[in-house]
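Engineer: Sequence:
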Amino acid sequence: MEFSSKLDDAFAFLKRVEVSFQRNRIKYEVFREILKDYKAGKIDIGGMKVRVKGLFKDHKKLISEFNTFLPKEHQITAKFEFEDGSAFYKAVKDAFQDKSENFDVFLNLMMDWKYERVDIRSFVAQMKELLKEHTDLTLGFNIFLPTKYQITIPSQPGVSETIGK
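Take the position in the sequence shown, starting the count at 1, then add 20; the result is the number in my numbering.
Be careful, since some hints might not be right.
No more than 30 Å apart at the CA atoms, straight line, and that leaves these computed lysine-lysine pairs for DSSO-like [to be verified]:
| hint | residue 1 | residue 2 |
| --- | --- | --- |
| 1 | Lys134 | Lys62 |
| 2 | Lys113 | Lys80 |
| 3 | Lys35 | Lys152 |
| 4 | Lys56 | Lys35 |
In case anyone wonders, no lab produced these hints; they're calculated from the structure.
Start from the sequences and build out the full structure, keeping to the hints where you can.
Structural biologist: Have a look at this one:
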């Protein structure tokens with residue numbers, strides 16, 4: 021009985037996510053892909069957490085509801101945490117495990133940013149290009165950016181929407 025109840029809760033939550041993102045279907049699809057990747061073992065709970073945190077940014081109710089499915093030690097908080105950075109790093113490393121040159125570009129970008137060899141616009145543009153085939157990583161990356169610099173993706177032809185909103 022308890023398993024059935026949790027399964028019903030999960031499906032109801034999935035429906036609420038779908039309704040919340042009805043104007044930007046890609047966000048709903050990305051959420052489903054994140055869950056599939058986690059279930060398949062492609063990402064760990066930290067990777068799932070940072071991606072969902074980016075996706076649900078500015079959707080506190082969804083974050084709160086999603087937390088009911090997570091162990092206490094992995095629940096998503098509104099504030100940035102060191103673990104978010106570590107989880108994002110690992111997610112990028114996992115995504116580029118077969119493309120070491122892309123991971124090297126990522127590391128070089130991070131070093132350029134750390135040592136202020138690049139301005140924020142250039143940094144974000146280069147990161148956007150690097151992550152263009154990984155919408156979930158783009159979502160995760162946006163949690164580290166000020167709203168003004170968040171990467172946008174088209175939600176429908178001719179329409180652009182900021183990820184994380």
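Engineer: For the pair supplied as a hint, Lys56 and Lys35, confirm whether the alpha-carbon distance does not exceed 30 Å.
Structural biologist: 16 Å, holds
Engineer: Is the hinted pair Lys113 and Lys80 satisfied, with a Cα-Cα distance of at most 30 Å?
Structural biologist: 28 Å, holds
Engineer: Run the distance test for Lys134 versus Lys62: straight-line Cα separation, threshold 30 Å.
Structural biologist: Holds, at about 29 Å.
Engineer: Could you grab the alpha-carbon distance between Lys35 and Lys152 and see if it respects the 30 Å cut-off?
Structural biologist: 27 Å, holds
Every hint from the earlier list agrees with this structure, and none is contradicted.
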